[in-house]
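In the order they appear, the protein sequences are chains A and B.
Residues 1 to 598 (my numbering) are what the first sequence spells out, left to right.
Residues 1 to 354 (my numbering) are what the second sequence spells out, left to right.
Simulated from the structure, these hints should not be mistaken for laboratory data.
This one's a predicted model, so the numbers in the text were calculated from it and none came from an experiment.
Beta carbons are placed, not taken as given, at the ideal position from N, Cα and C, and that holds for glycine.
The reader is advised that the hints may include incorrect statements.
What the hints assert, rightly or not - Heads up, incomplete: computed chain B residues facing chain A, CB under 10 Å, no partners named:
1) S38
2) G120
3) G277
Said to hold, decoys possible - Pairs of lysine-lysine residues, derived as DSS-like cross-links and limited to a Cα-Cα distance of at most 25 Å, are as follows:
4) B:K118 x A:K557
5) A:K361 x B:K250
6) A:K330 x B:K105
7) B:K78 x B:K60
8) A:K512 x A:K347
9) A:K555 x B:K85
10) B:K250 x A:K478
11) B:K296 x A:K509
12) B:K254 x A:K101
13) B:K296 x A:K512
14) B:K250 x A:K101
15) A:K164 x A:K238
16) B:K103 x A:K361
17) A:K412 x A:K436
18) A:K361 x B:K106
19) A:K140 x B:K78
20) A:K555 x B:K78
21) A:K237 x A:K436
22) B:K78 x A:K557
23) B:K254 x A:K484
24) B:K268 x B:K250
25) B:K118 x A:K361
26) B:K118 x A:K555
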Amino acid sequence: MSTITAPTKDVPSKKGNLVEMNWDPITRIVGSLGIFTKIDFENRHVVECHSTSSIFRGYSIFMKGKDPRDAHFITSRICGICGDNHATCATYAQNMAFGIKPPPIAEWIVNLGEAAEYMFDHNIFQDNLVGVDFCEQMVKETNPKVWAKAQSTPAPHSNLHGFKNISDIMTALNPFTGSFYREALVMSRMTREMFCLMEGRHVHPSTLYPGGVGTVPTVQLFTDYLVRLMKYVEFMKKVVPLHDDLFDFFYQALPGYEEVGRRRVLLACWGSFNDPDHCDYTYKNMTNWGRNMFVTPGIVVDGKLVTTDLVDINLNIRILLGSSYYDEWKNSQTFVKTDPLGNPVDKNHPWNQTTIPRPQKRDFGGKYTWVMSPRWFDKRTGDHLAMDTGGGPIARLWATALAGLVDIGYIKATGSSVKMYLPKTTSLPEVEFEWKIPKWSNAIERDRARTYFQVYAACAALHFMEKALAELHAGHTKTWTEFKVPEEAIGCGFHEAVRGVLSHHVVIKEGKIANYHPYPPTPWNANPRDVYGTPGPYEDAVQNTPIFEENGPDKFKGIDIMRAVRSFDPCLPCGVHMYLGNGKVLETHHSPMFGLQP
Amino acid sequence: MAAETVPYGRVTQKPSPVAEVHILWITAGLGCDGDSVSVTAATQPSIEDVLLGAIPGLPKVHLHNPVLAYENGDEFMKFWYMAEKGQLDPFVLVVEGSIPNEKIKKEGYWAGLGTDSKTGQPITTNEWIDRLAPKALAVVACGTCATYGGIHAMEGNPTGAMGLADYLGWDWKSKAGLPIVNVPGCPVQPDNFMETVLYLLYQVAGLAPMIPLDDQLRPTWLFGRTVHEGCDRAGYYEQGDFAEVYGSPKCIVKLGCWGPVVNCNVPKRGWMAGIGGCPNVGGICIGCTMPGFPDKFMPFMDEPPGAKVSGAAVGAYGRAIRALRSITQSTVNKEPKWRHRRAELTTGYHARTY
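Extracted from the complex, chain A is given alone in its bound form:
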């Protein structure tokens, strides 16, 4: 048996009618996503789920033959909310391929830019997109009893965030009319200003280059960033208790809510924020500089840290087909037989992938999406693990906490938690927050981790600010290292896009791009059943979701499914659909999808 994703579950004992329920498109995400489900309303469970993406663009195809220096400009355009993560990751791969290291101040500028991106993106997604699933209007329409309870439940931290009852938080999250919704939107602009100070433009940066940045480091640049950062720090001192109150309430109001979106703990993090004191961009030193990143790379399986070694992580990435609209590439060119350390590189590794699109009709029994199925090969067991990113933060915090490597004053990874310290701000004293490893990898904990990672990013930025200013004050203002594009080279970049793992793999031949494969988080999360029949994480997480919504099939909004899917922070400029069918009743038997045993 090669692949397992589902946690052991009790199969509902009663037979129920399966109703087909689909949502296409899923809104309030970036990109096109459809989710097609079969629901057992009698036993209140989702029995089967297919996730599909309806857009193909072909980056890996049209990048062939282009100048390798153009890679970061082009790949930024993959994503309209975290394009800068792509541009950054591409420059990491370029730096490795070109054999260069940017000056330290350039690295701090990039880190400050990327920290601002996390602060912005988690904020707008959490409170303007996900937040709507928890707003008054939505809760009233899906769970009137929960709304009634929220009106009589005082918010435990009302002294910190100012909302008296849980229902007041929900009202504040109503789209556009809610006060906190609007405050968050305004804050998302200020953090984007911080981003633009460092990287020029949001979302496709103008000032990133292989070898460094074009940003001119000045006293003004860092002052303008810092004053905004401190306003964000003050904002987060209210946002963390607000979200804790809201999320804890759901566990309390709906016992069993921890099962919504729950799946086996299979979390992947590729690490974020390089440390110029360690990172030289060479492959042979990658294990060491990877472990010195300010967010630790790691593979977490069933709560255990399997590795923090980027070389190990890299070599065991596999791209599988099975339900995607592509032909296999086993007869195509093998670009990289061994890595620079002499380790063999698999034919299904991104360095050796050839993308061959074959558009066809959508068939849920066969091929149904443009997303491929990335897996991580666990050599201990021979499993192709369907790792997920949990939308980014939960995997980053989990891996960082277990590894216990990060200790920078503002942040300390303890082995079981991550402690974060925020300094005094205009109206609030200093605060310590602690993210503790949760019991579950589920919708609520993915969402909660997002809020805590906003704090993490702010703490990291405070550290980067000190480092950058030290360089500036020492007169080290050179921001770019010259280079020549080699005739033949390979490179890889590892980063954390806002919503999770991001890798770029490049092969250069005759001074041009011969192969280029970016792997953003959403292919890891939104992929279909692979060649072994293992469902992708959305499919798997939704298939295990109980239904708490009070509406029957006729008025069903699928809110629990939406919360499960959105907890992954879907970003599919490629596509997925959830489709609300006409309540068609299917065969009345249980799907054998539950209870796959390891």
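Model the placement of chain B on the given structure of chain A, informed by the hints.
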């Protein structure tokens, strides 16, 4: 509030002759949703200014954009079907993303939105444009993918992608007589787009004449000048003083900046709240607003061919000017000689009383 209920005959809220307008926004071209995300950064006006009625004289605006919508799935798609049947009138259609060529393959789809209830297959983006464009009051292409094809229409692309005007025809006119309105940019500059929407809403309300567009269908007030004309580093260019490394505050035309020939206001306007931009903050202009983007600007980090000639021409003149200015500058950097603490007045004033 209706005018007659306001005391003293005040008229603070002039009702729009068109009470309500819907904005149907398709993000399902080949794109990254970066234009929708960008528009959430706008403040002049902001999206909430327009939706919550904070701009006087506008009709009530209902926005249907998948990135921001409350509704999901079929509840969201309902507005698309209503528009198709003529039940959502008037509406403005916004298209984001390049238009793929669905005719070049035997089956399947490159880009779709929603599912056809009869076939169970996705409804292609192109099909939606065919259904909705004839019914729309105005059609706006948002971002360079939708305006001219952009990144996904690069040489060697597998989908045959193009811009909206390539698809509908450059002479296409809406039922209200408006040409396609192109607001390019990769992504679109936030305020550029919202300002264009605001103009169109004024036009719908009868408060503005026909939107002025150039021959590439761009609003003239936004795209009538070049990057260079609005760049605060153009002074370095005039003095023949060019950056040789990234990170220098000087003119970066020799490092790949295409600003002198690109129609765009970003260095002048900044990216948001006047902050950021491209060459003004050290990022080469890669021509992302242009119909020729990206192919005609690649490789991006090489000096544009034209810049070699103009850069050389400006060299001798610029050096001479710079030398003369440095003499004058050192003069004006010195205070006049009559400012001193000696016990005498040398300002030229002849004191008679002390």
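We went through each hint and held it up to the structure:
1. S38: Nearest chain A Cβ about 7 Å off; hint holds.
2. G120: 7 Å, holds
3. G277: Result: holds, 6 Å to nearest chain A Cβ.
4. B:K118 x A:K557: 22 Å, holds
5. A:K361 x B:K250: Status violated; Cα separation ~54 Å.
6. A:K330 x B:K105: 24 Å, holds
7. B:K78 x B:K60: 19 Å, holds
8. A:K512 x A:K347: 22 Å, holds
9. A:K555 x B:K85: With a Cα-Cα distance of about 24 Å, the restraint between A:K555 and B:K85 holds, given a limit of 25 Å.
10. B:K250 x A:K478: It holds: about 14 Å lies between the C-alpha atoms, which stays within 25 Å.
11. B:K296 x A:K509: 23 Å, holds
12. B:K254 x A:K101: 23 Å, holds
13. B:K296 x A:K512: Within the cut-off at roughly 17 Å; holds.
14. B:K250 x A:K101: Within the cut-off at roughly 23 Å; holds.
15. A:K164 x A:K238: It holds: about 13 Å lies between the C-alpha atoms, which stays within 25 Å.
16. B:K103 x A:K361: 15 Å, holds
17. A:K412 x A:K436: At roughly 12 Å apart (the allowed maximum being 25 Å), A:K436 and A:K412 satisfy the hint.
18. A:K361 x B:K106: Holds, at roughly 10 Å.
19. A:K140 x B:K78: 21 Å, holds
20. A:K555 x B:K78: Cα-Cα ~15 Å, so holds.
21. A:K237 x A:K436: 17 Å, holds
22. B:K78 x A:K557: At roughly 14 Å apart (the allowed maximum being 25 Å), A:K557 and B:K78 satisfy the hint.
23. B:K254 x A:K484: Holds, at roughly 17 Å.
24. B:K268 x B:K250: 16 Å, holds
25. B:K118 x A:K361: Within the cut-off at roughly 14 Å; holds.
26. B:K118 x A:K555: Holds. B:K118 to A:K555 sits at ~22 Å (cutoff 25 Å).
Comparing the model with each earlier hint shows a violation of hint 5 alone; every other hint is respected.
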